[in-house]
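**Student:** Letter by letter, the chains look like this.
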Amino acid sequence: MLDLLWLAPTLPLLGFAVLALAGARLGRTGAAAVGVGSVGLSAVVALAAGVELFQLPELSRVFTQKLWTWFDVAGLVVPFGLHLDTLSLAMIVVITFVGFLIHLYSVEYMAGDESFAKFFAYMNLFVGSMLLLVLADNLLLLYLGWEGVGACSYLLIGFWWRDPANDAAARKAFIVTRVGDAALAIALFILYRHFGTWQIQELATRATAEWAVGSRLAVWTAALLLAGAVGKSAQLPLQTWLPDAMAGPTPVSALIHAATMVTAGVYLIARTHALFELAPDVQLLVAAVGAATLLLAGFAALAQTDIKRVLAYSTISQIGYMFLALGVGAYSAALFHFFTHAFFKALLFLGAGAVILACHHEQNIFQMGGLRRRLPFVFWTFAIGGGALAGFPLVTAGFYSKEWILGQAWAFPGAGPALWAAGLAGALLTALYTTRLILIVFFGEPRTPAAASAHAPGWLITIPLAVLAVGSVATGFLEMPEWLGGASTFGNALFSVFSKTPDGPAADTEMALAALATAVCFAGIAFAYWLYGPGQALPRALASPAAAAVASFWRGGWGFDTLYRTLFVRPFVWLAALNRADAVDLIPAALAAIAGAFHRLVRLSQTGRVRWYAAVIVAGAIAILTLAVWR
Amino acid sequence: MTATVPVEHVIALAAALFALGVVGLLVRRNIMLMLVSLEIMLNAAGLAFVAAGARWQAPDGQVMFLVILTVAAAEVSVGLALALQIYRRFKTLDADALDEMRG
Numbered sequence: 032m033l034d035l036l037w038l039a040p041t042l043p044l045l046g047f048a049v050l051a052l053a054g055a056r057l058g059r060t061g062a063a064a065v066g067v068g069s070v071g072l073s074a075v076v077a078l079a080a081g082v083e084l085f086q087l088p089e090l091s092r093v094f095t096q097k098l099w100t101w102f103d104v105a106g107l108v109v110p111f112g113l114h115l116d117t118l119s120l121a122m123i124v125v126i127t128f129v130g131f132l133i134h135l136y137s138v139e140y141m142a143g144d145e146s147f148a149k150f151f152a153y154m155n156l157f158v159g160s161m162l163l164l165v166l167a168d169n170l171l172l173l174y175l176g177w178e179g180v181g182a183c184s185y186l187l188i189g190f191w192w193r194d195p196a197n198d199a200a201a202r203k204a205f206i207v208t209r210v211g212d213a214a215l216a217i218a219l220f221i222l223y224r225h226f227g228t229w230q231i232q233e234l235a236t237r238a239t240a241e242w243a244v245g246s247r248l249a250v251w252t253a254a255l256l257l258a259g260a261v262g263k264s265a266q267l268p269l270q271t272w273l274p275d276a277m278a279g280p281t282p283v284s285a286l287i288h289a290a291t292m293v294t295a296g297v298y299l300i301a302r303t304h305a306l307f308e309l310a311p312d313v314q315l316l317v318a319a320v321g322a323a324t325l326l327l328a329g330f331a332a333l334a335q336t337d338i339k340r341v342l343a344y345s346t347i348s349q350i351g352y353m354f355l356a357l358g359v360g361a362y363s364a365a366l367f368h369f370f371t372h373a374f375f376k377a378l379l380f381l382g383a384g385a386v387i388l389a390c391h392h393e394q395n396i397f398q399m400g401g402l403r404r405r406l407p408f409v410f411w412t413f414a415i416g417g418g419a420l421a422g423f424p425l426v427t428a429g430f431y432s433k434e435w436i437l438g439q440a441w442a443f444p445g446a447g448p449a450l451w452a453a454g455l456a457g458a459l460l461t462a463l464y465t466t467r468l469i470l471i472v473f474f475g476e477p478r479t480p481a482a483a484s485a486h487a488p489g490w491l492i493t494i495p496l497a498v499l500a501v502g503s504v505a506t507g508f509l510e511m512p513e514w515l516g517g518a519s520t521f522g523n524a525l526f527s528v529f530s531k532t533p534d535g536p537a538a539d540t541e542m543a544l545a546a547l548a549t550a551v552c553f554a555g556i557a558f559a560y561w562l563y564g565p566g567q568a569l570p571r572a573l574a575s576p577a578a579a580a581v582a583s584f585w586r587g588g589w590g591f592d593t594l595y596r597t598l599f600v601r602p603f604v605w606l607a608a609l610n611r612a613d614a615v616d617l618i619p620a621a622l623a624a625i626a627g628a629f630h631r632l633v634r635l636s637q638t639g640r641v642r643w644y645a646a647v648i649v650a651g652a653i654a655i656l657t658l659a660v661w662r
Numbered sequence: 003m004t005a006t007v008p009v010e011h012v013i014a015l016a017a018a019l020f021a022l023g024v025v026g027l028l029v030r031r032n033i034m035l036m037l038v039s040l041e042i043m044l045n046a047a048g049l050a051f052v053a054a055g056a057r058w059q060a061p062d063g064q065v066m067f068l069v070i071l072t073v074a075a076a077e078v079s080v081g082l083a084l085a086l087q088i089y090r091r092f093k094t095l096d097a098d099a100l101d102e103m104r105g
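Residue numbers (the working numbering), protein chains in the order written: chain A, 32 to 662; chain B, 3 to 105.
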């Protein structure tokens, strides 16, 4: 079965090809069957490959499949090879399984759309590229997948392109991530220059052997890789594209901008962790970026009014946790948070999509309210997802993954307690904005007729919600701290990839930390209830102009858009306007003018009168005859 | 071979006919009469071929005349069809009125 691993990325790519070439002829049922079926089959392949992989001995759970040589030019040989270990297994299982559920959901969500087949074509291309990204055994193939998912992200954000705002959001996402992509490309060049290979495993061993810890090249390479990861994962300072990316259809936000693509940066750092360990300063920077991002995005999420933008900032914040974990060397914890986050954030986005659909494409949470009674099923699944996001103790997956990260952060020597405190403050914010969202959307009285007449979704939407809700609870039990019985399925599985996992805190410290985090979570929920619940303390608190100004500042994402517009966009537009009338343009302009003049001249002879043409032919014949006779 | 017409006379007649055809083609505005002028030009050329064939005692001149006859028949059928279509569409046979292809 492992030999069939190549089918995992091939099936969605095949689905893309079929939908792109014959999508219009398949009809809606056919397009849905191809789009959902290809990802479903891919999920089966991924699960079967996983089962087989776990039958290998624990420390050799690696499977490499070289398919063919991609290219071989002047000594540069790049094979097209797949590499499956427990790290990429965790990724492909999430991508295909969650991806399958989201595709299923899309069949109902996109049912009335005119470009139904095109949507599934793009989604399949995305899944194929993402699988290529995580299965690649060399960095260049990884980069191919990396750009593939970026292109799909662009296409899907701008899917409803008739609205220029969506088009602008798509362009912004593409251009901002491009900054990171360029850095990643430079990192690839440096690595090839020094090691003559892009094979990830070989690079890791040779870099560890040949580069000293903290050497200049190691630091530069790690920093450039970090810049690439920061762009893709929407971390500070390149986080501005993700909230705008919510312009795409909601299943796209769930799949690309919550569960999978935005975590590609986390995967990249985890995959090249050997390089980051050679640059401890950069690794600390990873943690600092994560900590700063999770706080900043948490505050921004508090002030949003669009249900999807709340979730977008929450995604940025949760990926901040993953970066924090990567920075303190707790790669397994980062991956575990990715794993649980994929389930509960996909659940939240799909729940938000169901709410948006029920309220006739209304996204402003203040136009909703009271939906608990109209959409009880969506409410309960959304509450489970929200609980997992807020880290509701003991019964949600988010609690266990966040606990693990916070424990590892605490035990990190040096900056540990500061990072831990940032994470704890972030947990308070998470509980606060999650409760706020649920209170405003689902409780109280309906604020608009649309919310009062919300209609319940069909089974294609409820089934993915139910499955993801189960996942948002059950995946947490894969990894439990020692004081709760100590399951360590996930960490053990990843042991063969990350051999050096730092020790966590002692069991009693860990219990105290968990108790503190629980208290913070409850405090956040209670505080949110006081602010947004029936008491409505917030309108009074926001009455002061200073508070309103802060809220507006947070709503705009800390003014980063304004800053970048002033720093980069305006000067660039100014320069472009300046260059518009430069001297070089005169040359092509003169050529065009000359051609135009000749055109006008020759046009005179085209009178359209057949007698004129005949006369010219006669004159020509006489001229030629005269020449022939007189010579 | 008595009382033969000198070949120069025949060629001169052909040239005169051809010139008449050309002038007719250029000065007539009626498409039907332009086609008639074309026929005169074709027959002038045919006459020149026959005269040359007789002068050199070769059959080629008469062969060429047969070719011209065939071409003329084809040309007339196409030309008349065009004239018919032009009249149907523009309700005129004035060649100068048809300058829609002006550049």
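Simulated from the structure, these hints should not be mistaken for lab results. Glycine included, every Cβ here is placed at the ideal spot set by N, Cα and C. Incorrect hints may have been included.
Some chain B residues flagged as far from chain A (calculated, every beta-carbon gap over 10 Å) [unchecked claim]:
{"#": "1", "residue": "E10"}
{"#": "2", "residue": "V24"}
{"#": "3", "residue": "T72"}
{"#": "4", "residue": "A76"}
Which chain A residues stay away from chain B? Per the calculated CB distances, all over 10 Å, these [to be verified]:
{"#": "5", "residue": "I206"}
{"#": "6", "residue": "V641"}
{"#": "7", "residue": "A646"}
Partial list, computed: chain B residues near chain A (C-beta under 10 Å) [claimed, not checked]:
{"#": "8", "residue": "E77"}
{"#": "9", "residue": "V78"}
{"#": "10", "residue": "L100"}
{"#": "11", "residue": "D101"}
{"#": "12", "residue": "R104"}
**Student:** Each hint needs a verdict: does it hold in this structure or not?
**Tutor:** Now the hints, each set against the structure:
The Cβ of B:E10 lies farther than 10 Å from every Cβ of chain A, with a closest approach of about 17 Å, so its non-interface assignment holds. A beta-carbon of chain A is positioned within 10 Å of the beta-carbon of B:V24; the least distance is around 6 Å. With 10 Å as the threshold on Cβ separation, the claim that B:T72 sits away from chain A holds: the shortest Cβ distance comes to roughly 22 Å. With a minimum CB-CB distance of about 19 Å to chain A, B:A76 clears the 10 Å threshold, and the non-interface call stands.
A cut-off of 10 Å between C-beta atoms confirms that A:I206 is not in contact with chain B; the least separation is 46 Å. Under the 10 Å C-beta cut-off, the non-interface status given to A:V641 relative to chain B is violated; the minimum distance is some 5 Å. With a least beta-carbon separation of about 5 Å from chain B, A:A646 fails to lie farther than 10 Å from that chain, contradicting its non-interface assignment. For B:E77, the interface hint is violated, since its Cβ never comes within 10 Å of a Cβ in chain A; the closest pair sits about 14 Å apart.
Taking 10 Å as the C-beta cut-off, the interface hint given for B:V78 is violated, the closest approach to chain A being about 17 Å. Below 10 Å, beta-carbon pairs count as interface contacts, and B:L100 has one with chain A at about 7 Å; its hint therefore holds. For B:D101, the shortest C-beta to C-beta distance to chain A is roughly 3 Å, which falls under 10 Å, so the interface hint holds. With 10 Å as the threshold, the beta carbon of B:R104 comes within range of chain A, its nearest partner Cβ sitting at about 4 Å, so the hint holds.
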